[in-house]
Amino acid sequence: MSDKETPDSPRQGELSRRDLLVKAGAVGAGAIAAGSLAGGAKAATKRSFATPKIRRGGRLIWGLEGDPVHVAPFGAIPTSNMWGKEHTYDSLVEWDRNLNLKPALAEKWQIVSKTEILWTLKKGIKFHNGKEVTSDDVKYSVNLMLNPPLPGSVATTPQIPAIAGIDVVSKYVFRMRLKQPDARVFGVFAWGRYTPIVPEGLYDQINVARAGIGTGPYKMVGFNPNDRVELLRNENYWKPGQPYMDAITLKTLTDEQSRVAALRAGAIDGATLSVDVARSLAGDSNLVVLKGPNAGFRELQMTIKPGESKPWHDARVRLAVNFALNRKEMIDKVYSGDAKYTGHVPPGYGPWPLTDAELKAKYVKFDLPAAKKLMADAGLSKGFSVTMTTIAQQDYPLISAVVQSQLKQINIDVNLVAQEIGTFAALNGPGKFDWDVTGRGMRGDVDGYMAEFHPASSSFQFWYPQYKNIKAFRAIGNGRIQLDPAKRLPIYRTAQTAVFETPPQIPLVAITKFQVVRKRVQNMYVNFNDFNTGLREVWLSE
Amino acid sequence: MGGYILRRIGFAIPTLIGVSIGIFLMIRLLPGDIIDIMFSGDLTASEEVKDQAREQLGLSGSFPEQYWRWVSNIAHGEFGFSLRNQEPVSDIIFRALPITLELTFLALLIAVTVGVPLGVLSAVKRDSAHDYVSRVAGLVGVSIPSFWLATLLLLFTSRVFGWVPPLNYVSPFEDPLANLSQFILPAIAISLFTMAIVMRMVRATMLEVLGQDYVRTARAKGVDRRTVVSKHALRNALIPVVTVVGFEVGVLIGGAAIVEIIFGLPGVGYTLLQAVFNRDYPVIQAITLMIAFTFIFVNLLVDILYGVLDPRISQA
Chain A
5 MSDKETPDSP RQGELSRRDL LVKAGAVGAG AIAAGSLAGG AKAATKRSFA TPKIRRGGRL
65 IWGLEGDPVH VAPFGAIPTS NMWGKEHTYD SLVEWDRNLN LKPALAEKWQ IVSKTEILWT
125 LKKGIKFHNG KEVTSDDVKY SVNLMLNPPL PGSVATTPQI PAIAGIDVVS KYVFRMRLKQ
185 PDARVFGVFA WGRYTPIVPE GLYDQINVAR AGIGTGPYKM VGFNPNDRVE LLRNENYWKP
245 GQPYMDAITL KTLTDEQSRV AALRAGAIDG ATLSVDVARS LAGDSNLVVL KGPNAGFREL
305 QMTIKPGESK PWHDARVRLA VNFALNRKEM IDKVYSGDAK YTGHVPPGYG PWPLTDAELK
365 AKYVKFDLPA AKKLMADAGL SKGFSVTMTT IAQQDYPLIS AVVQSQLKQI NIDVNLVAQE
425 IGTFAALNGP GKFDWDVTGR GMRGDVDGYM AEFHPASSSF QFWYPQYKNI KAFRAIGNGR
485 IQLDPAKRLP IYRTAQTAVF ETPPQIPLVA ITKFQVVRKR VQNMYVNFND FNTGLREVWL
545 SE
Chain B
3 MGGYILRRIG FAIPTLIGVS IGIFLMIRLL PGDIIDIMFS GDLTASEEVK DQAREQLGLS
63 GSFPEQYWRW VSNIAHGEFG FSLRNQEPVS DIIFRALPIT LELTFLALLI AVTVGVPLGV
123 LSAVKRDSAH DYVSRVAGLV GVSIPSFWLA TLLLLFTSRV FGWVPPLNYV SPFEDPLANL
183 SQFILPAIAI SLFTMAIVMR MVRATMLEVL GQDYVRTARA KGVDRRTVVS KHALRNALIP
243 VVTVVGFEVG VLIGGAAIVE IIFGLPGVGY TLLQAVFNRD YPVIQAITLM IAFTFIFVNL
303 LVDILYGVLD PRISQA
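Chains as they are written, first to last, in this note's numbering: chain A, 5 to 546; chain B, 3 to 318.
Worth flagging that the hints you see were computed from the coordinates, not collected in a lab.
Fair warning: there could be bad hints in the mix.
To be verified - Derived SDA-like pairs (lysine to any residue); straight-line CA-CA distance at most 20 angstroms: (1) A:Lys436 x B:Glu49; (2) A:Lys106 x A:Ala490; (3) A:Lys436 x B:Pro66; (4) A:Lys309 x B:Leu32.
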């Protein structure tokens, strides 16, 4: 057994972010800007890995922890929907394992003006039905992204950048018009969750809830809800030589112990598991435990609403709470050491987050004396009582219990209430809570993490309409419309540090994601986002 | 007998109407509807967008309007469409039903074929070692939760034999052996409780019946012990057992949910549970109504069987 971080350097034959930026230069400054919008890479280490001889063929069975529900390409809400369809569809651009932006169906792009991007498609890419990808398909797909039909939902449209429309210039060239400057375009398309490219007329041809036609490495040949997705190798995949396997079965096994039993018995080749369960498999010589940082960080959220006079409306109290929380203890107690300090942008999300050293030394430093002094300054040295809700599953009850225990040190009496996910969602969205411990997930662009601290977002109006932080507001507003990545970096740094001065949400920890695979599974990596993108490049040694 | 059956059916109709109203209201009174769940990860969606989604899913209108739409559609044989994937609910049920029916049937079969003989043996050999072992086993059987036993069985077979039941559903008509290997462990897991109940019930009623005058008379007439037990005592002892088995059908269908999840069997219980998490109203309503109908139907059968086992009941 090995317990290893998945490699973070590009594989041979792939472009590093630096390479890409150099190449992008050939298509104009706009492309360079675009190349960095997705968030760029972690500092890519230039380790080299010997390329083993790749064996082709075989069927991999992957245990999914949730049912995809449906596999419609547009407007899908559940993360698990993407697990079912992610190998069938591609988008204009994509991320590699380090979140470097790479061309996918698009060959190149040029930012003509702040509200106009000219894209050129690669020639000869074919959908699974044999039809070639053209600008008309992109136009059709973008229209559906903006107005997703059932079983998708308009709930996803706020995630889509402000696209006004697509003008077809030629078979392979199209113009994307934006309603306003929107830096999220490239990241959201690279994320792919809401932005696949499908053949024109797809919704009239098949039942998109149960089948799919895309350009991805695997064709979808069957989907039974609550059961499995069957995928077959796409012989005409546009990446030369890929995919390596003949077929993938995605079997829904929501019970974690069932996934463990199936892994041990060899009935499945891999699955996502919680930290303790993954570690319990350390003694099994047939298994390899993979781990990697994940976009889903945990946070303590507070409401700041008009007409209320709650102790935490005083910024000093919120800061006191921030300093009274001992993240190291949380990481050790709840995650057995496998979690990280985090700000409002999780570590691993390209160059955007504050550094680990900064967080530990300043922004989320455990400083009990300072916390007590802040409480005293606010006239609350005797503390107060508050109800804190959380989700009654995964690690949420545990980390909430640690928060509850730690805040006793500054005399805050936390009444902890764990709620079923539907109940929690119903109360969290409209801000019907005082405090809650919740989580965040992947975002297509750094703006997705910071937008909620800006008065223009509806969640801001629900959660903390009384919150004032002009410095942060200005930075977040400018960040979204600034297309130059070099200029965006300091803007979002300012936004993050400004929010930390009077945080309405207090980041707790960034979790680590664990996936366990059988020894025969090669080249798998734990993706930073919530998907199993690594499966696209996997091959089986036996 | 015909009038008796008609009377029982007459009782079933208002029960079903009551159940339908209860189901409809209860799931809507849960905090959080599908819209809340759909938008839970979205921090930027406005109320207008949410209302648009509500309209898109046909969730607009008052509760009485929505209820009337639902029952009217059922009267036309339409159970509606899943809110999550727009699949016809009838398709979802027909796909899941064979799995749960087979699981329930197998579990009942195991429970009865093992529980009844054990109960008889325990009563006939009262206070013997066999009796004590059966009673302790019965106590253990009613105490062990099926989900725990299911997990234990799965982990045991995977660790010791490196084997788990096949993950993908195989129809008994395609490959009976593969099907049996897939269902045997989950069926054992959910049958244990019913088996223990049946065993204890048979033992208790057999003890009572064996002490009756007519049994003593039969023995005094020289009828051999085996015939007395199987023909005279067991038939009468089975009447309360039939009642229990009837109730257990409902319990097994409901209890199968967790076991179906553990073994990755996409049956009715599994589907219902997922629908509850997703607040998929049409699916929840249809499946719950179907389970209620099954429960009522099986109890109707039990009542009819009563009449067959004891003609005095239907005459009364």
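Structure-based check of all given hints:
1. A:Lys436 x B:Glu49: Given pair Lys436 (chain A), Glu49 (chain B) holds - Cα atoms ~15 angstroms apart, limit 20 angstroms.
2. A:Lys106 x A:Ala490: holds (18 angstroms)
3. A:Lys436 x B:Pro66: violated (27 angstroms)
4. A:Lys309 x B:Leu32: violated (26 angstroms)
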